[in-house]
Amino acid sequence: MSDCRHKEPLLSSYADDPEMSELVEEYLESLPTRIQSLQSGFKQQDHLRLTRIAHQLKGASAGYGFAPIGEIAAQLEDTLRTSQTVELDEVSTLVDDLIDLCHHAMASADKPAH
Amino acid sequence: MSSLSNEHDSQHEESPPTVLLIDDCPDVHRLLRARLHSETIDLIGASTGREGLATAVEKSPAIILLDLDMPEMDGFEVLRKLKDNPETLDIPVIVLSGLQSPHDKVTAFDLGAVDYIPKPFELTELRVRVRSALRLFSLMRMLSQKAQIDGLTGLWNRAFFDERWNGEVERVRRSKAPMSLAVIDLDHFKSINDTYGHPAGDAVIQGLAKLLRQQTRASDVCCRYGGEEFVIIMPDTTPEDACVVCERVRVEMENTIWPRHPKRQVTLSCGIAGVCGESTPDKDAWLEAADKALYTSKQSGRNKITHQALDNAPLRQAG
Chain A
66 MSDCRHKEPL LSSYADDPEM SELVEEYLES LPTRIQSLQS GFKQQDHLRL TRIAHQLKGA
126 SAGYGFAPIG EIAAQLEDTL RTSQTVELDE VSTLVDDLID LCHHAMASAD KPAH
Chain B
3 MSSLSNEHDS QHEESPPTVL LIDDCPDVHR LLRARLHSET IDLIGASTGR EGLATAVEKS
63 PAIILLDLDM PEMDGFEVLR KLKDNPETLD IPVIVLSGLQ SPHDKVTAFD LGAVDYIPKP
123 FELTELRVRV RSALRLFSLM RMLSQKAQID GLTGLWNRAF FDERWNGEVE RVRRSKAPMS
183 LAVIDLDHFK SINDTYGHPA GDAVIQGLAK LLRQQTRASD VCCRYGGEEF VIIMPDTTPE
243 DACVVCERVR VEMENTIWPR HPKRQVTLSC GIAGVCGEST PDKDAWLEAA DKALYTSKQS
303 GRNKITHQAL DNAPLRQAG
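Sequence order for the protein chains is A and B. Its first residue numbered 66, the first sequence is counted upward by one per residue in the working numbering. Its first residue numbered 3, the second sequence is counted upward by one per residue in the working numbering.
What the hints contain is simulated information worked out from the structure, not anything from laboratory work. Where hints are given, some of them may not hold.
To be verified - Using 25 Å as the maximum straight-line C-alpha spacing, the simulated SDA-like pairs for lysine to any residue come out as follows:
#  : chain 1 : residue 1 : chain 2 : residue 2
1  : B       : K300      : B       : E280
2  : B       : K192      : A       : Q140
3  : B       : K107      : A       : T144
4  : B       : K107      : A       : K108
5  : B       : K148      : B       : V171
6  : B       : K285      : B       : P237
7  : B       : K192      : B       : P73
8  : A       : K108      : B       : K294
9  : B       : K192      : B       : A56
10 : B       : K294      : B       : E170
11 : B       : K107      : A       : G130
12 : B       : K83       : B       : R52
13 : B       : K148      : B       : S134
14 : B       : K107      : A       : H112
15 : B       : K212      : B       : D196
16 : B       : K107      : A       : D143
17 : B       : K107      : A       : Q121
18 : B       : K107      : A       : D162
19 : B       : K83       : B       : T126
20 : B       : K83       : B       : I119
21 : B       : K212      : B       : L91
22 : B       : K107      : A       : E136
23 : B       : K192      : B       : T258
24 : B       : K107      : A       : A132
Stated by the list, open to error - Here are the in silico distance ranges between beta carbons for each label pair:
#  : chain 1 : residue 1 : chain 2 : residue 2 : range
25 : A       : R146      : B       : G303      : 47 to 57 Å
26 : B       : H263      : A       : R146      : 50 to 60 Å
27 : A       : T158      : B       : S103      : 38 to 48 Å
28 : B       : D164      : A       : P83       : 52 to 62 Å
Don't be surprised by glycine CBs; every beta carbon is placed ideally from N, CA and C.
Assemble the whole structure, with the sequences as input and the hints as a guide.
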């Protein structure tokens, strides 16, 4: 994992949009639960669940202005759909990257990860 | 009944239009609601294709926003089903899609979507596109209702025909001039829709309407009477002369190559009933006679015209 991702804070592209601030906050607050789902889904090798979480995260992240998260989530979803298995190294890497990005987004907004 | 001519209580002029969002992602619903709350619209949501289809029938929304990328019933299937149902086929659909291939875009438009917005969407852009589609929809509905024009073809609609036919028959009763009524019905039309989809069927109907406009005279009144049925009031025209005009249309139709199905031609059957100027039948009996002539055309092989002078006896055929 490269470090450059952590030099820039990961903020919503709607950070300056007053209409969106409450929504962005809600999204950030939802991240811990999503991270947990990703972790347990991966641990349990639950392909369906993991695909679903990736799909939802893809749709949500882009909408709230976190395109980088959306992109990785999309990659994860695609990989899962094509390979039909959770066991690939690629899947493992993507899940890790995704969780890392989520943490980074929360940290950038000064929200502690719990 | 198409939603264009529906007068649901929730859709009358003063109440805000209903926008139905079909998307499996709850966040999209939340986001849209936030971004569109300043618009005077009533946003309702469905999280699956199945739910969306049922809601569309129940609520008759002014617009549908449809996500293509859904797990169970995918967006294209939902779109097809919306366009296959007479109750929902006129509702404009804006497709939202995370899928990015140009082929998907073409498919969406081809299946009848009016707009295509890639995800992640710029919510401000979505807002103005929704506004624009709503404006279009309300104009179309006004035109349909007030001008008595059929939305798809631009020809007069059935309500207009009923009124006009009455007047024309009365006029002929007084003037004793010749007049003919032609009833035209597309042959095997249902199978065009079934095999090639509704957009193909629509293209055929529009094509025939164009032929009618081109081949008939200024004094002829062309109406779309039903789904695939048309009537032409032809003042100052004997049945024989009406037959000549309709024969031109029949031949053009037969020779038309349709882009969506170049190997499959579409033909029409026609029945004409008219008077040469001696007596004037009752307007309903007249229409019935034209209908019977149409029936004869169908029974004897289709792609035919049968004409009859009502002030003397025999049925004649061309085609």
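Outcome of the hint check:
{"no.": "1", "hint": "K300(B) to E280(B)", "verdict": "violated (29 Å)"}
{"no.": "2", "hint": "K192(B) to Q140(A)", "verdict": "violated (43 Å)"}
{"no.": "3", "hint": "K107(B) to T144(A)", "verdict": "holds (23 Å)"}
{"no.": "4", "hint": "K107(B) to K108(A)", "verdict": "violated (38 Å)"}
{"no.": "5", "hint": "K148(B) to V171(B)", "verdict": "holds (24 Å)"}
{"no.": "6", "hint": "K285(B) to P237(B)", "verdict": "holds (14 Å)"}
{"no.": "7", "hint": "K192(B) to P73(B)", "verdict": "violated (31 Å)"}
{"no.": "8", "hint": "K108(A) to K294(B)", "verdict": "violated (74 Å)"}
{"no.": "9", "hint": "K192(B) to A56(B)", "verdict": "holds (24 Å)"}
{"no.": "10", "hint": "K294(B) to E170(B)", "verdict": "holds (20 Å)"}
{"no.": "11", "hint": "K107(B) to G130(A)", "verdict": "holds (24 Å)"}
{"no.": "12", "hint": "K83(B) to R52(B)", "verdict": "holds (10 Å)"}
{"no.": "13", "hint": "K148(B) to S134(B)", "verdict": "holds (21 Å)"}
{"no.": "14", "hint": "K107(B) to H112(A)", "verdict": "violated (29 Å)"}
{"no.": "15", "hint": "K212(B) to D196(B)", "verdict": "holds (23 Å)"}
{"no.": "16", "hint": "K107(B) to D143(A)", "verdict": "holds (20 Å)"}
{"no.": "17", "hint": "K107(B) to Q121(A)", "verdict": "holds (22 Å)"}
{"no.": "18", "hint": "K107(B) to D162(A)", "verdict": "violated (31 Å)"}
{"no.": "19", "hint": "K83(B) to T126(B)", "verdict": "violated (29 Å)"}
{"no.": "20", "hint": "K83(B) to I119(B)", "verdict": "holds (20 Å)"}
{"no.": "21", "hint": "K212(B) to L91(B)", "verdict": "holds (22 Å)"}
{"no.": "22", "hint": "K107(B) to E136(A)", "verdict": "holds (21 Å)"}
{"no.": "23", "hint": "K192(B) to T258(B)", "verdict": "holds (18 Å)"}
{"no.": "24", "hint": "K107(B) to A132(A)", "verdict": "holds (22 Å)"}
{"no.": "25", "hint": "R146(A) to G303(B): 47 to 57 Å", "verdict": "holds (52 Å)"}
{"no.": "26", "hint": "H263(B) to R146(A): 50 to 60 Å", "verdict": "violated (34 Å)"}
{"no.": "27", "hint": "T158(A) to S103(B): 38 to 48 Å", "verdict": "violated (26 Å)"}
{"no.": "28", "hint": "D164(B) to P83(A): 52 to 62 Å", "verdict": "holds (56 Å)"}
Violation of the numbered hints given earlier is confined to hints 1, 2, 4, 7, 8, 14, 18, 19, 26, 27; the remaining hints are satisfied by the structure.
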